[in-house]
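Enquirer: In case it helps, our numbering puts the sequence shown at residues 18 to 140.
Simulated from the structure, these hints should not be mistaken for lab results.
Being a predicted model, the structure only gives us computed values, none of them experimental.
This list has only true hints and no planted wrong ones.
List time: in silico DSSO-like cross-link candidates among lysine-lysine, alpha-carbon distance up to 27 Å: (1) Lys-46 / Lys-56; (2) Lys-56 / Lys-41; (3) Lys-99 / Lys-56; (4) Lys-41 / Lys-99; (5) Lys-46 / Lys-99.
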Amino acid sequence: MVHPSSTCCKTSGDGMCACAAQAKCSCGKESALHCTCNKASTENATSGARCSCRSRPAGQCTCERAVTENHPVTGATCPCGKRGAESCTCEKVSAVESAAEHIETDFTSHSAHHTHHLHHGHK
Numbered sequence: 018m019v020h021p022s023s024t025c026c027k028t029s030g031d032g033m034c035a036c037a038a039q040a041k042c043s044c045g046k047e048s049a050l051h052c053t054c055n056k057a058s059t060e061n062a063t064s065g066a067r068c069s070c071r072s073r074p075a076g077q078c079t080c081e082r083a084v085t086e087n088h089p090v091t092g093a094t095c096p097c098g099k100r101g102a103e104s105c106t107c108e109k110v111s112a113v114e115s116a117a118e119h120i121e122t123d124f125t126s127h128s129a130h131h132t133h134h135l136h137h138g139h140k
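Use the sequences and the hints to build the structure in full.
Expert: Next up, the structure:
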């Protein structure tokens, strides 16, 4: 699977998003979305616009893209105003998560094939 640059830093040999694995909780100890520190209640429930690795809120990225993602957006923005228009994640959150659930559940089912087609055919 090829991940668009707007939603993934780069892919590893197994096709998974490499930067999602790099993202850490703001406490710096656990993986993003798996915090165990006192910020767990807010950080493990990320919603809305996200960093391109999709594991952290937009503007609070902790993967290797932090240097380019954690700055104020200039120019055209997506509707939520948190990311550039060319890399909007605010309206895609539920669609991407739903598609990911189908892919992770069963690679051989018809729905996974349909979802795979959607990733390649639409932005």
